[in-house]
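> Given next are the chains, with one letter for each unit.
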Amino acid sequence: MFKPTFKPRKAYIDLSGISKSPLSLDSREGNFPCPTCSTWLSEAEIIKNNDFCPRCARHFAVTAWERIYSLCDEGTFEEWDSGLTSGNPLQFPDYDAKLQRASEDTHLPEAIITGKGIIGGMECVVGAMEPRFMMGSMGSVVGEKVCRAAEGAMERSLPLILSCCSGGARMQEGMLSLMQMAKTSAAIGRLNQAGLLYITILTHPTTGGVTASFASLADIIIGEPGALIGFTGPRVIEQTTGQKLPAGFQRSEYLLQHGMLDIIQPRLEMRSLLIRLLAVHQGGRNGQ
Amino acid sequence: MFKPTFKPRKAYIDLSGISKSPLSLDSREGNFPCPTCSTWLSEAEIIKNNDFCPRCARHFAVTAWERIYSLCDEGTFEEWDSGLTSGNPLQFPDYDAKLQRASEDTHLPEAIITGKGIIGGMECVVGAMEPRFMMGSMGSVVGEKVCRAAEGAMERSLPLILSCCSGGARMQEGMLSLMQMAKTSAAIGRLNQAGLLYITILTHPTTGGVTASFASLADIIIGEPGALIGFTGPRVIEQTTGQKLPAGFQRSEYLLQHGMLDIIQPRLEMRSLLIRLLAVHQGGRNGQ
Amino acid sequence: MANNKFEFEAAYRLLENKLEELRQLSETLECDFSNEIANVEKRISQLRAERYKHLTPWEQVILSRDLERPMTRDYIDTLCTDFIELHGDRLYGDDPAIVGGIAVFGDRAVTVIGQQKGQDTAENIRHNFGMPRPEGFRKAHRLLKNAERFQRPVITFINTPGADPGIGAEERGQAWAISQLLLCLSSLRVPVVSVITGEGGSGGALALTIADRIIMLSNAVFSVASPETCASILLRDVKRAGEMAEALKLNAPALKDLRIIDAIVDEPLNENLLGAPDFVADLRSAISKHLDEVSAQPLDDLIRQRYQRLRVIGQFYEPDL
Amino acid sequence: MANNKFEFEAAYRLLENKLEELRQLSETLECDFSNEIANVEKRISQLRAERYKHLTPWEQVILSRDLERPMTRDYIDTLCTDFIELHGDRLYGDDPAIVGGIAVFGDRAVTVIGQQKGQDTAENIRHNFGMPRPEGFRKAHRLLKNAERFQRPVITFINTPGADPGIGAEERGQAWAISQLLLCLSSLRVPVVSVITGEGGSGGALALTIADRIIMLSNAVFSVASPETCASILLRDVKRAGEMAEALKLNAPALKDLRIIDAIVDEPLNENLLGAPDFVADLRSAISKHLDEVSAQPLDDLIRQRYQRLRVIGQFYEPDL
Ligand SMILES: [Zn+2]
Ligand SMILES: [Zn+2]
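Here the protein sequences line up with chains A, B, C and D, keeping their order. Count along the first sequence starting at 1, add 323, and that's the number in my numbering. Count along the second sequence starting at 1, add 323, and that's the number in my numbering. Count along the third sequence starting at 1, add 42, and that's the number in my numbering. Count along the fourth sequence starting at 1, add 42, and that's the number in my numbering.
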């Protein structure tokens with residue numbers, strides 16, 4: 324029912340809160356201030372600088388396809404389950420229209436791309452979430468594709484690598500969405516039992532039900548510098564508790580210090596880190 | 324080589340620090356102030372009050388034999404390994420003399436009594452540490468008897484219940500003493516794997532290597548009210564850090580609040596709690 | 043839109059009060075209206091029962107949060123004997139928003155765990171309004187692993203607005219604690235039955251609702267997020283929470299249709315649910331029946347089926363290959 | 043009683059300085075004393091070597107604590123390639139007093155973990171002087187369980203005054219963290235080799251020293267408590283620590299006699315241990331040999347033997363039955 328026509332293009336958007344809808348593509352033309360350090364930037368500058376702010380190194384959001392391409396050896400990625408699309412199981416008001424707008428804006432059928440790829444010569448199952456598709460929220464399709472990715476990894480005895488980015492559960496699918504947390508966690512449980520390596524990359528922002536399920540269950544959890552990672556979003560915490568949030572709260576550096584991340588890695592060196600991790604883990608299996 | 328002649332008698336001693344040697348029996352005659360609330364007490368009063376301070380409910384130390392008798396159905400306890408006594412493997416200065424004095428004072432061969440008993444009609448392996456025997460410190464004999472108790476429980480598929488009380492490792496046995504932490508922890512690991520119930524009762528004081536090994540590895544950890552429980556003793560913490568310790572620091576109530584104990588139970592109701600715990604656990608095994 | 047139970051209860055309470063006045067008057071005047079009164083009483087109670095049968099989802103949300111409803115400890119005390127509460131995660135703290143321990147249900151030993159709200163403000167502050175922090179989820183995790191070791195079936199009772207949304211909870215890994223509990227329950231090698239007794243709010247509720255069977259009280263709710271949150275995010279108008287309550291399909295019949303839950307136990311009109319012997323008997327026999335059924339299965343099958351239950355949840359389009 | 047390395051080193055340093063003066067003088071005067079100087083040099087180095095062969099246990103305690111010795115990271119960087127440090131306990135924090143991660147040793151992937159001291163005051167404060175807090179032990183626990191899942195052998199490096207004796211550490215269950223780590227290592231289903239490189243202090247050292255083989259550097263120590271603590275408690279005089287160092291049997295030869303450790307790697311006189319190629323080669327081959335030997339055994343045997351190693355430790359009298 325849906326024909327994705329992939330047209331790679333840069334998309335610099337700030338997703339600092341889950342209630343904010345993504346900027347339209349048009350408003351991103353021309354100069355804009357860096358949301359972290361307020362330096363005025365042009366799109367050209369940022370492209371030249373590999374999607375970072377040249378002053379504060381803020382990592383701007385990249386699309387799921389850019390992520391996949393930046394991690395996999397050239398031409399090796401085979402997409403799985405690209406035909407899966409969301410229905411509107413609860414007949415939730417406006418959901419159909421939102422889905423349609425999201426797929427038109429992103430040229431993607433849903434908020435995650437999964438498949439098989441080769442990284443540094445080593446075969447893996449790889450997935451990346453798309454921040455612009457309804458804030459990377461997890462509905463039935465995202466949950467199903469994560470499970471199939473885990474099952475695909477088990478069938479082939481391959482490592483699983485997922486790049487996460489999400490505003491949380493997709494409310495328009497009600498409990499069907501919340502249960503995807505349980506479903507994906509259970510699938511990761513089986514992956515664990517099979518002794519297969521599972522790595523997640525948490526990018527800005529990863530919050531809510533995705534953080535509280537498959538994203539935080541990896542053997543190795545890597546954060547991108549400055550990424551907002553947590554369960555409850557910062558605005559809701561501020562509103563609910565009336566407390567001022569500490570500096571750097573819920574950012575990668577803060578999470579590393581609080582024991583939740585294994586490593587923080589700049590995006591440019593992400594691929595080389597994965598190659599080293601995969602190599603050592605292959606060594607572990609052969610060495611025995 | 325050693326013939327213990329057991330003569331039950333009351334012994335009220337305060338063991339608030341590990342560096343303090345036990346009071347001699349003589350100094351306990353007559354009135355003395357409660358170390359917690361400073362009320363002057365007579366021995367008779369305390370006996371009448373089941374070993375508590377009548378004002379602040381402080382639980383005074385009782386001997387290992389009193390503990391065993393207070394827990395087991397009358398006449399059911401069969402002691403194991405009563406012949407095990409310490410040598411002086413490192414030829415440590417003064418150790419022989421200290422051992423002799425301790426066994427004369429306590430009429431016990433070492434700092435723990437272990438054996439098989441019946442509690443509320445249910446067979447168990449039971450042990451109790453003796454605070455007056457070199458501060459209940461753990462040397463080779465204590466470690467060995469704890470391991471044998473665990474192994475005895477495994478042979479018979481019985482629950483293991485240990486009442487703990489210790490100043491820590493017995494320095495006079497050097498590394499042989501420290502390694503008892505590893506040895507007893509490993510034995511408890513096997514008990515766990517056998518699916519047998521293991522309960523510890525932490526009494527005043529339980530510190531150092533005993534807390535950091537078999538005492539804190541139980542399925543259910545019960546604290547006596549007001550007992551000092553921890554790894555490093557409070558005086559050492561104060562000296563090392565120069566900080567004032569918070570009120571109630573390292574007491575049972577504080578540990579419960581910090582998630583380390585399952586239950587705090589007054590000594591008088593300890594036996595009835597054990598009976599309920601044992602009964603429910605038997606139910607669990609039969610119920611399946 | 044009603045915002046508390048008394049708004050939709052008001053009419054009946056007014057009638058009841060009038061009736062009571064009438065009754066007292068009749069006694070004072072020594073006139074006997076007892077037949078008439080009895081008839082009106084019956085009529086009110088019928089109307090009320092009818093009304094309760096047709097509560098809107100939003101009214102059910104309000105009712106599910108009512109502090110006069112029994113809390114987890116009340117269910118444990120009523121349904122079980124020999125409850126021994128166990129505390130602490132052995133890592134950081136003891137969270138009063140989650141209560142757990144071992145008990146005897148019928149003739150079998152069980153592990154019971156649930157979120158605990160208070161019944162007045164002071165109690166509620168102590169129990170953090172039933173919103174667990176990471177140490178609560180980790181206490182649950184510990185008790186579940188113990189249940190597994192001793193082959194004790196597990197009953198969970200669900201009643202929480204959700205996981206604690208505070209700074210400390212984030213600092214100590216709220217998301218990590220929840221995901222680890224989901225993983226733990228999804229493969230725990232003992233039978234697990236969940237009972238949603240009140241407010242089943244979001245991830246904090248879900249974390250204890252991975253079970254072989256899920257039973258729901260007829261006025262309980264279970265939702266991806268509170269209707270207020272959905273209204274504020276999706277409609278930018280928290281006052282339209284009622285619409286969202288409708289749209290979210292969060293009540294028991296809707297969730298049974300979606301195959302999220304297995305059984306519904308009807309609540310009586312009685313304010314004091316656990317004072318109604320029929321309700322207690324119904325609830326007890328529902329738990330008992332499901333526990334018997336799942337306990338009868340070989341453990342490997344049970345775990346496989348629990349996985350399958352989760353695995354098939356979700357609705358989407360897939361092109362024919 | 044010497045209280046730092048320089049006291050027993052002082053005589054040699056003095057001689058070396060004199061010799062240097064002589065050498066410079068001879069150059070200035072253009073007289074050739076080179077033969078004589080070489081002879082004296084050789085003599086000093088012999089005397090010094092002799093002295094280092096007969097260090098008292100107390101001198102070894104001092105040497106083992108020397109901040110110029112290599113720290114755990116240095117050993118990892120020298121002996122392994124591809125080290126990737128992994129952080130955090132996923133519960134509360136990341137403890138800089140314990141460093142751990144995955145790496146390649148020889149041709150096999152391994153998990154490496156050890157206590158980490160700093161080499162100056164600022165570094166030492168950051169690493170808490172190598173005294174782990176509960177989150178450090180729990181990070182180690184997590185990395186060990188991961189090693190087990192991926193069948194990676196484990197190498198631990200021991201160098202710590204002991205577990206952190208602070209209020210926060212007690213609050214978060216220092217004793218619980220240590221005992222759980224002891225239990226974990228005692229049954230971990232991968233080969234484990236420990237290397238005691240410096241100060242093996244009490245429970246904080248022991249927690250990572252449950253292994254199939256324990257290797258000890260010739261000037262490292264491993265003790266139930268520091269000699270100072272023992273002197274202060276048993277003799278009420280901290281100045282008598284030297285006597286206690288003797289009595290505690292804490293150096294490598296004594297511990298080999300007691301069968302606590304398996305092998306000793308001799309240290310060169312070289313200040314910079316890891317700058318001495320022979321020493322590095324010896325250490326590497328000792329680890330390699332023991333890792334090969336234990337890796338060759340079936341896992342069930344390995345775990346049984348690791349248990350037996352611990353089970354037989356201790357000396358006591360038992361009457362003949
Ligand atoms: Zn910037
Ligand atoms: Zn008192």
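Don't read these hints as lab results, they were simulated from the structure. Errors might be hidden in some of the hints.
Partner residues aside, some chain D positions facing chain B, computed with beta carbon under 8 Å [unchecked claim]:
1. Ser68
2. Cys122
3. Gly215
4. Ile220
5. Ala267
6. Leu290
7. Ile302
8. Ile306
For every residue, glycine included, the Cβ atom is placed at its ideal position computed from N, Cα and C.
> None of the hints should be skipped; say for each whether it holds.
Hints, one by one, checked against the model:
Here the hint on Ser68 (chain D) is broken, as its CB sits about 51 Å from the closest CB of chain B, past 8 Å. For Cys122 (chain D), the shortest C-beta to C-beta distance to chain B is roughly 26 Å, which exceeds 8 Å, and the interface hint is violated. With its C-beta approaching chain B no nearer than about 5 Å, Gly215 (chain D) sits inside the 8 Å limit, and its interface hint holds. The interface hint given for Ile220 (chain D) holds, since its Cβ lies 4 Å from the closest Cβ of chain B, which is under the 8 Å cut-off.
For Ala267 (chain D), the shortest C-beta to C-beta distance to chain B is roughly 6 Å, which falls under 8 Å, so the interface hint holds. Because the smallest distance between the Cβ of Leu290 (chain D) and any Cβ of chain B comes to about 5 Å, under 8 Å, the interface hint for this residue holds. Checking Ile302 (chain D) against chain B by beta carbon gives a least distance of about 5 Å; that is within 8 Å, so the hint holds. Among the interface hints, the one on Ile306 (chain D) is violated; its C-beta lies about 15 Å from the nearest C-beta in chain B, farther than the 8 Å criterion.
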